[in-house]
Structure formats: C-alpha cells, structure tokens
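S.K.: With the hints in hand, could you dock these two chains into one complex?
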Amino acid sequence: MTTPAPIQFTPTHQMPAMLARAKDAVGVALVSLLLGIPMIGLHTVDQGGVLAVMTRWPWLLAFVVAMFVGRFVMQFALDHVKLNKAKRERKRPEVAARRPWLTWLGRALLGFAVVLPIAFSGNRYVVDTATTVLIYVMLGWGLNVVVGLAGLLDLGYVAFYAVGAYTYGLLSTHFGWGFWETLPVAGALTASFGILLGWPTLRLRGDYLAIVTLGFGEIIRLILVNWTDFSGGPNGVTSIPRPTFFGLPFSPSTDETTFSSFFHLDYSADHRVIFLYYVILALALLTNLFVSRLRKLPVGIAWEAVREDEVACKALGMNVTNIKLSAFAIGAMLGGFAGVFFAARQGFISPESFVFSESATILAIVVLGGMGSQLGVVFASVLLVLLPELGRDFSEYRMLLFGAAMILIMVWRPGGLIAHREPTVKLGRAPSPVPANQGAQA
Amino acid sequence: MGQLIQQLINGLTLGAVYGLIALGYTMVYGIIGMINFAHGDIYMVSAIIAVTVLTLLGSLGIAAIPLSLLITLAVAIFFTAVYGWAVERVAYRPLRGSTRLAPLISAIGMSIFLQNMVQLTQGARVKPIAALLPGGFELFTQNGFTVHLAYTQILIVITTVLLLCVFSYLITRTSFGRQQRACEQDRTMTSLLGINVDRTISLTFVLGAALAAVAGVMVTVYYGVVDFSIGFVAGIKAFTAAVLGGVGSLPGAVLGGLIIGLIESFWGAYLSPAYSDLGTFGILILVLMFRPSGLLGRPEVEKV
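Those sequence lines, one after another, are chains A and B.
Numbers given in the numbering used here equal positions in the first sequence, counted from 1, plus 863.
Numbers given in the numbering used here equal positions in the second sequence, counted from 1, plus 38.
So that you can see chain B by itself, here it is in the shape it has in the complex (with noise of 0.2 Å):
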C-alpha cells in the first residue's frame, strides 16, 4: 500500500514534466502540422541554463529559495525562447510548404546538432547539482515504508496545472489564440485576413520554448542531475504523452503526460525497471494503432 502511494505520487510527478513538454508538442504540432522533432532538445537547453543559473546564484550568494526560483525560471524562460525561435527561422520557416518529409528531416538535424553543441561547448559528464529545494513531507509510516510527498513534487504539479489553466485560457479566449487556432485550420485565408503568419507561428514556436523551460527548470530542481542526453528520451516521451491525449488537444498532452508518468513509474516497479521504456513505447503503438487520435483529440480528415 505504501509503495504503490509512493509510485502514484512519483509518476504523477514524472508525468507532469512529460505533460509540460506535451504542451509544447501539442501547440506546435496543432500550428503547422509537424512533430517539433527538437522540442526535446529545448528542454535539454533550459535545463542545462538552468544549472549554469543556480550555480551562479549560489557563487553570488543568493539563498533565498523563491528568488533563486524564480531568476532561474525567468533567465531560463528567456534565452529558452531565444533559442525556440532560432530554430523556427532557421530549420522550419524556409520549409514552409515544402514537402511532409522535408521539415522533418530538418527538423532530426536540428535535434542532433543541439545535442552535439551542448555536448561540446557544456561537456560530455553529468552536471550535478545541490537540491534547491530539500524535504518534504513524510506522509504515513506503514510496514516501515515511508511515503514521501517532497515540495518538489507538490511544485511540479502546481505548477503544471496553472500553465494548463493560463495556456487553455490564452488558446481559447485571447486574440492570439484566435490568430493561433485560425492559422492551425488555413493558413491562406488568415493571411488573406490580414493576421501576420509567420508571426503567430514564431510566437507559437517561443510559448512552446517557454513551456519546455519550465520543464527543464522543474526537472533541474527536483533530480538535481542533467546532461546533454536527456531530451532525446523526454522528447519521445512527452510526444508519446501528446499523442495519447490527443495531438492539439492541451488538456489531452497533460492528461497523457499523466498517464505515460504513472505507467513508467509503476512498470518499473512492480514489473520490471529495465523495460520501463518498453511500457511507453508499446503504449505509443497501440495507441496509434487503435485509436489514433488520441483520448481527447478530434479525428483528423486529410485534405486533398
């Protein structure tokens, strides 16, 4: 009993940090149609800024938790755009109405090239880091097996829920998300209406770097350990996460975020941690299989 509530709390936690980054997959994806191949990638970049940040916070001797926090989220946010709409102008908009395949392919060569640039100008290692935010509560004691409820966690899902609410509003009820939403089903006619395109897709492009920030940042504090390596598998992951919710859908990127975080959290530790991924994988197949567009999502009908 005590561990399965230690595992629920765990992959609800691990499956916010998906749902985060799903977000991010979901809103690109809904914009111009294309898996954003280097949106894990981003994350990776926030977190290893996220680390540069905390530990010149500690060199200058800033303590205090909530503003370290937030400086670190706010520096990270920044260059993460940056960096989010970089790779808009430089990998995508030139492919715009190019072929399925082209933007893709760009789009893996994106992902390997800022692997490779971290790993190169940030080192190969693991960079640790002291935890930012230590403790938590001690739930119940039962068969001498705590459970744990670490701030962290309480944090990370907090905060994953107010970006849900404050992303579902800016979506469905701001001007930018009728530019969005209109850009998402014909880019034609919008343009025709005098909305700026380009501009909705780069500012789509940047709101997703900004969420995969504050991924990165969570993910930073709570494991206290990041390299250039962890996007890759995040990546695929929380794409997993966004395609079982249904791609386009952001309630559906958290809820399948959720379920991807539970799944790997209990596979791997009541069947086996080896094959954790194996779970997610697998999920991803049938889920393509059988129902395609996701839990929450529309069906999508081609266009000729």
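Chain A extracted, bound-state conformation (with noise of 0.2 Å):
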C-alpha cells in the first residue's frame, strides 16, 4: 500500500514574459489609435454656420502612448496583485473578515457631522456643500433599499424625488401647507406612486423593470414640463417657503416672534443653513435606523432573499411581487421625503434638477459604495459632491469619470468599494469567537 502523495498545488498566476505584455499592450494601443482617429484626431468646427474638419494629431499620440503605458503598468500590476492574492488565499482561513474598524468609522462619522455646524459656524459653504452631500446620502439610502438588498435596478429613481419635491412646492405655495405637515402626506404620495408604477411592472425580468422604471421617470419630467397650468412647466415653482423652527420663522422682521427674537439672538442668516443641515442629518439618520431596522425583520430578510434567488423564494411559496413591491414603496418614500427637503432648502424647483443624469448620479452613488451597504452611500456621497466642488476645471469632466468609475467597479468589484453582500441574517450556528477574531485580525 503506498500513501498517496500530498496534492500539491501551483500557483496559477505565474507572471508571463515581457514579450507577451509589450504584444498586449501595443494591441491596446492599435485599439486605442483606431478609437482614437474619429473623436480625438479629428473633429467639427462651426465655422460661421459651415462646420470644419479640423485635426489634433498629437493628442491622439498622447492618448495612444498614455493607453500603452496605461496597459502595460497596468497588467503588471494586476499579475503582481494576482499573484499575491493566490498567496494569500491558501494562507486565509475560511472565515469571512469582519471589519469592526467601519462600525468604528461610521460613528466617528457620525460624530464629526453633529459638531460639523458649530466647528464651521462661520462657514456657510461648507455647510451648505455638507447638507447636499447628506441629500445625497439620503438618496442613497433609499435607492439602496431598491437596489442594494431587494435587487431591484431602478432607473427613474429621480421621479419619486420629483414627486417629493413638488407636492410640498404646490401644497406650499398654493395651499400655504407648512413643511412638517406636508413630510407624511408627500411620503404616502410617493409610496403610493411607487406602488403605482410597480404593480404591473414588478413581475417583470430585472432588466426590463430597468428600462421601465427609466420610462417612467421621463413621463414625469415630461409632464412637468409640459403642464404648465399644474407645475409651472420649465420656469418650475418659485418662492417655496422655507421650514420654520417649531412655527418660529428665519428673518430679520421685527414685527412678528422670530427665531432670533424668540431666543434673544442677533439676527443672522446662517441660523436658517445650520438648521436646514440639522434637519437633513435628523432626516437621513431616522432613515438609516429605519433601513436597518427593517433589514432585521422578515420583510427585510425576505428582500435580499429575492435578491438572492427568486425562483427559490417563488418555491417556498413566498409572495415575490408583494416583497419587491414593498422594497418599491419604501424606497420611494424615502425618496419623496428627500425631495421635500430639497424643495424646502432651495425654495425653487424646475424639472431641469430632475433629469436621468441626476438619477443615474445616485445609482452611482449606491454602485460605488457597494451595493447594500449604508456607509459606503457615505463615502461615495461625499466623494461624488466633493469632486466636482474642488475644481471647476474638473467639473465638466465630472460625468465622464462617473461612467468610466461605474465600469471600472463593476469589473474590478461587482459588489463596490464596500461590498456587503452577505445576507444580514444567515442560517447555520453562528461563528464561535475565536475564528471571527483571527479574521477580524487579517
């Protein structure tokens, strides 16, 4: 009887010779050049009504050079990291690392953004940029419901923001409705739009429900700007009244009770901005509780379960078009509080905030930061409004490096930059101590 012989296992990433990746790297570039002639080396000049061909060869060779180089650095870091990662991976036990350091850094998140205010108090644009980040954030937070644990791609996402923002514009400026009593009513509204749309479209395949949700969000940016008697068509809906603090108006008036009066202080405007971020931060926090809370119950579990596999949840006799309906309702919901808010905070809206480029940011927003995941909704926010504040230069370049990001993500991670794709809650005993420490460690 022999014993049979260890199985030995090679590597499989071995680095592959100079010769090949040069060979690789000029077809990228030949690629490149052929890409390149039509956009880059040539294009269209109006010159007085009669457009002229003009040329920029040496962009197109810097372009070209750059794509080579690119590639060539490129893959040789890529089979380097290949190559450490096939180390690596026989080395790591099979626990799942748990990364207590995020929970660590969300809360210290979390408290930089309560003092954020007083730390800045005479900074009104940092303030400012802080409160559309956490609109943003917000977004974020209900696009991930849809998207991140139900699985659901939604396209038109910015519709139900729409519909947010204009029910408290109407409701304000015709109806004199204040903005706390307009948050439920334009919430109910918006779920029940949600419901609306996904009704007879939730059965459908994701892609399909993809094009369909896109669909809708054109109609309703079509209609607002064509109805012009209900919304004010492209001129949008204009002197919105800002939210007051508990009934106590923001203004310098002298004749009635105002914030400043009230409290014996100096009339000044930044009161108004640091309380519109107070109340995006109470707004987006309640949202997260909310969102996490409901991960836990069985409504949330039985989303990521259909996100998982719906023809196994189909199987058990779970009700899929009920489960994804409610993931719609509630994300939309939370999109429409949102919308109020943003309403509320520019006292001006016009279908021009409402386009697919908008929606498509937030659907960045939620891809970047990993699908389900609430802390990287944070960083991808603060990350996407950030960019384009640094520079103006930057700023046209803004939706270019959006598309080639979202590429890039989905093939290096397709679970973003904090992937969280295990289920919340899992069968099975749960991790004894020790190994959950050994992986928090690695």
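Please note that the accuracy of each hint is not assured.
To be verified - Each computed SDA-like pair below joins lysine to any residue, with the alpha-carbon atoms no more than 20 Å apart:
{"no.": "1", "chain 1": "A", "residue 1": "Lys945", "chain 2": "B", "residue 2": "Ala124"}
{"no.": "2", "chain 1": "A", "residue 1": "Lys1177", "chain 2": "A", "residue 2": "Trp1062"}
{"no.": "3", "chain 1": "A", "residue 1": "Lys1159", "chain 2": "A", "residue 2": "Leu1149"}
{"no.": "4", "chain 1": "A", "residue 1": "Lys1177", "chain 2": "B", "residue 2": "Ile100"}
{"no.": "5", "chain 1": "A", "residue 1": "Lys886", "chain 2": "B", "residue 2": "Thr137"}
{"no.": "6", "chain 1": "A", "residue 1": "Lys950", "chain 2": "A", "residue 2": "Phe939"}
Claimed, not checked - Cβ-Cβ distance ranges computed for the label pairs, FRET-style:
{"no.": "7", "chain 1": "A", "residue 1": "Ala883", "chain 2": "B", "residue 2": "Ala169", "range": "38 to 44 Å"}
{"no.": "8", "chain 1": "B", "residue 1": "Leu231", "chain 2": "A", "residue 2": "Phe975", "range": "56 to 62 Å"}
{"no.": "9", "chain 1": "A", "residue 1": "Ala971", "chain 2": "B", "residue 2": "Gly232", "range": "26 to 32 Å"}
Please keep in mind that the hints were generated in silico from the structure rather than gathered at the bench.
In this text, a Cβ means the ideal position worked out from N, Cα and C, and glycines have one as well.
M.R.: Now the structure itself:
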C-alpha cells in the first residue's frame, strides 16, 4: 500500500514574459488608435454656420502612448496582485473577515457630522455643501433599499424625488402647507406612486424593470415640463416657503416673533443654513435607523432572499411581487422625503433638477459605495459631491469619470467599494468567537 | 387625407431607423441575454463620425452622391464596429457569469461615458450638415397640402428592408448564425462543441454596432443635424421597438420599430407634439404588462 502523495498546488497565475506583455500593450494601443482617430484625431468645428474638420494629431498620439503605457503598467500591477492574492488565499482561514473598524469609522463620521456646523460656524459654504452631501446620502439610502437590498434596478428614482419636491412646492405655495405637515403626505404620495408603477411592472425580469423605471422617470419629467398650469412648466415653482423652527420663521423682521427674537439672538442668515443642515441630518439618520431595523425584520430578510434567488423564493411559496413592491414603495417614500427637503431648502424647483443624469448619479452613489452598504453610500456621496466642488475644470469631466468609474468598479469589484453582499441574517451556527477574532486581525 | 399620408411616410421612415437600431439590440439581447444600454450611444458615435466624414469629403471636393454616401457608410461602419467591439471587451466580457445587475450597471456607465466623451471631444453644440440627398417626389396635392416623398426616405426604408433580409439570412442559414443561436441556447455546451464563444459574442457586438452605424449615417443624411445626446432617446425607443416586436426576433424588431415610428409620428401630429414620447413609454409599459414576449417573440422559460 502506498500512501497517496500530498497534492501540490502550483500558483495558477505566473508572471508572463515581458514580450507577451509588450505585445498585449501594442494591441491595446492599436485599438485605442482606431478608437481615437474619429473622436480625438478629427473633430468638426462650427465656422460661421459651416462645419470644418480640424485635426488634433498630437493629442491622439498622447492618448495612444498613454494607453500603451497604462496598459503595460496595469498588466504588471495586476499580475502582481493576482500572484499575491493566490498566495494569500492559500494562507487565509475560511472565515469571512469582519470589519469592526468600519463600525468605528461610521461612529466617528456621525460624531463629525453632528459637530460640523459648530466647527465651521462661520463658514456658510461648508455647511451648505455638507447639506448637499446629506441629501445625496439620504437618496442613496433610499435607493439602496431598492437596488442594494431587493436587487431591483431602478433607473427612474429621480421621479420619486421630483414627486416629493413638487408635492411640497405646490402644497405650500397654493395651500400654505408647512414643511412638517407636508412630509408625511408627500411620503404617502410617493409610496403610492411607487406601488402604482411597481404593481404592473415588478413581475417583469430585472432588466425590463430598469427600462420601465427609466421610462417612468422620463414621463414624470415630461409632464412637469409640459403641464404648465399644474407645475409651472419649465419655469418650475418659485418662492417656496422655507421650513420654520416649530413655527418660528428665520427672518430679520421685527413685527413678529422670529427665531432670533425669541431666543434673543442677533439675526443671522446662518441660523437657517445650520437649521436646515440639522433637519436633513436628522432625516438621514432616521432613514438609516429605519432601514437597518427593516433589514432584520422578516420583510428585510425576504428582500435579500429575493435578491439572491427569486426562483427559490417562489418555490417556497413567498409572494415575490408583494415583497418587491414593499421595497419599491419604501424606497420611493424615502426619495419623496428627500424631495420635500430639497424643495424647502432651494425655495425653487424646476424640471431641470430631475433629469436622468440625476438618477444615474444616485445610482452611481449606491453602486460605488457597494450595494447594500449604508456606510459605502456616505463615502460615495462625499466623493461625488466634493470632487466637482474642488475644481471648476473638473466639473465637465465629472460625468465622464462617473461613467468610467461605474464600469471599472463593476469590473473590479461587482459588489462595490464596501461590498456587503452577505445577507444580514444567516442560517446555521453562529461562528465561534475565536475564528471571528482571527478574521478581524487578518 | 394629405396629412395622413404624409405622416404615414414620415412615421415609416422614422420607424425604419428605429428598426435598424432595434436589430442590434435584439441580436445582442438574444446572445447574452442583456440589454446593451450603450447601443443608442454607439448609434450616436456613428452619426458624429458620419458628420466628420461628410464634412471631410465636402472639403476634398468629392461631390458625387453615391460615392460619398458609400465612403461615409464604409468609414462609419468600420470605426463604429471597433467601438462596438471595444465596448463589449471592456465593459461586458469581464462580467460574464456575474450577477444580472452588474453588466447592466456597467452598460449604463458605458453609455454615460460615451456620451460625455463625445461631448468633450466634439463639442456640445448641434452639428448641422448640408443635405446630401436633397429633393424627392411630390406625390399629390390636395386642398393646398402637398405630400412629399424625399429620396432619403426611400433610401432609409429600402436599406432597412435589405439589411433585415441579409441579417435574417445570416442568422438562419449560415454557419455563423448557427453558432450564434447555439451560444444563445447554451454557452457551456457550445464551447464544449469547439465553438469559440467569446469570438461569436464579439462578432455579434460588431454586427450590432455596424447596424447602428448604418442607422447613424441614415439619420445624419435625413435630418442633417446631430449632437451628442441623440443616442439616449433613440436607444430607448429602439429598445421599446425590440421589446414590442419580441426580443430575439429580427423581423419583430423592424416591425416594432415601424409601429413605434408610426405612433410617434401620428401622436405628434394629431394629439400633442409635446407628449409624443409619452406614447412610446406608455406602449412599452403596456406591452411589458400584457405581452412580455412581444408580438413575434417566443415566451421565455426561466431556467434555474
């Protein structure tokens, strides 16, 4: 009897020869040359009503060289990463790494968010930008329910945002409704819109749903642009009243009790900015709390189950359409809340704010952050709002980089930056504390 | 009566263009089961290339219409096909075997990327171009309303019908068509039979892009104005056409395109021009609700 020899694992990714890499890079350079000729090499310019073709050969050359070098370096780095990954994977225990530092990072961020207006009290611009970030965080968390948890691709999310914004805009300007009264009404209205749209379409397959939601977003925008009597058309709704502090308005007037006179403060325009910041912070935190609680309830577990395997869920007798509908309605409602806040903060809304690229931005936030990850949404919102603010030249490249980032992240990590694909609740024995700690250190 | 016939002609022309784009959608959807969201933007790239080539030909003094049309078509098809190939290679191939959502999101990313790339490199302004094929027939005049049939309209409809025949032949009769249909049914089995699945899929994307290129050139010649944003709406409408006709069916795509074109044209003329897109989206939702397999498609069985 001979004992079987232990199986030898050879690394699957060996470093390819330099020549092969150079060849590969030349191929990429050639394709980029072909791609670049009609777009970079040649371009048409309007010269007094007549088009003329101009050339930019140096740019094309730079592009091709950049692609060649980039591909070469990237291959080199990728091979290293793969080699190391193969080595690491053989060493690593089978326990999924838990990341307690993420929780601490989340708490630190929360602390920072709470003290931000005090730390930057003199700087209105910072607080304003932070408010914008928080609006996107809230929208991202709302869409995360639909895309990240239930796995439904919604390309018309901005429609719910628009419904919320117009609900407040119209109710407040025509009927004098306040911000806080409108909030629940707008939430209910957008949720019903979600159900109205979801009811016929949620039984469809994922990619059909994407197109239908996109169509719905466009329909809402078309109606807002064209139904002038109702929505004010392209001019939108103006002079929307701002929210008050429990009935105390933020204004410099002296003949009524205002926020500043009630608290015996000197009037400052900053009060309202800071107040608005805390309102959206509270709304966003409520959203977070709401969603993270929902995830642990049967409905949240069902969302993730449907995302992972719809056919299995059907076989188990779950009503898949209703489960999806609930995710859709709750996502829509959260979008509606964000819309109400948006209208109250801007004081002016028009269909311009609710175009498809806005939907794509919110989706990019969810995808970049990692579908299903609450913290990832925060990082992605900060990134996507701050980057264009940092430089004016950058802003025109913003959408280009968006697109590129969406592709790259999908190719590199289909789960997003902070992948949270594992279901919140799992069957089976809870892992014993020892391997969990090991995993944390790894 | 006069206006009715005129709208019929315009609608059929518009529908033929949608049909051409929808053919590409349907072929790609058939083989990898995924909406190539960037397809509309491939069509836009082709239209921009066509403007460049036509302007270049004009400045070189080549004025013969058939010659410049053929050169434009050839150049646009070539470069657009490279774009189609590159899009598949960069954004879709690495994601094969991933979740359903991942390639769709990278496709949206690709669509945004292409649109902004063209906006940055070619400028955001509308590009007007002189009519390449002006004139047409005046069919009849009734109550002071003359019904026109432009040469370009005839050209577009004939091209679409011709390409539909060619591609139907290609898919049903040739070896490539058999490989393509085999990949559609079972990719693993197909590769076990010695067929290069990656190459077949790449070739499908190249052919789809070539069809979009033809549509782009035709639209440039027909309307004479092009900009970086035409791909989005045309893409959605062509997709609606593909769904309406039944995804995976080539005659269905063209039929769906014609129906969408007619609806848009009549809706715009008789109901309200502002809401003509509403008709398209409404139809899309209705079809998906009541007949998800489309007019000529086969019902889809979900495999576990």
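S.K.: Hint by hint, which ones does the structure fall short of?
M.R.: As far as the earlier hints go, 1, 4, 5, 7 and 9 are violated by this structure, in ascending order.
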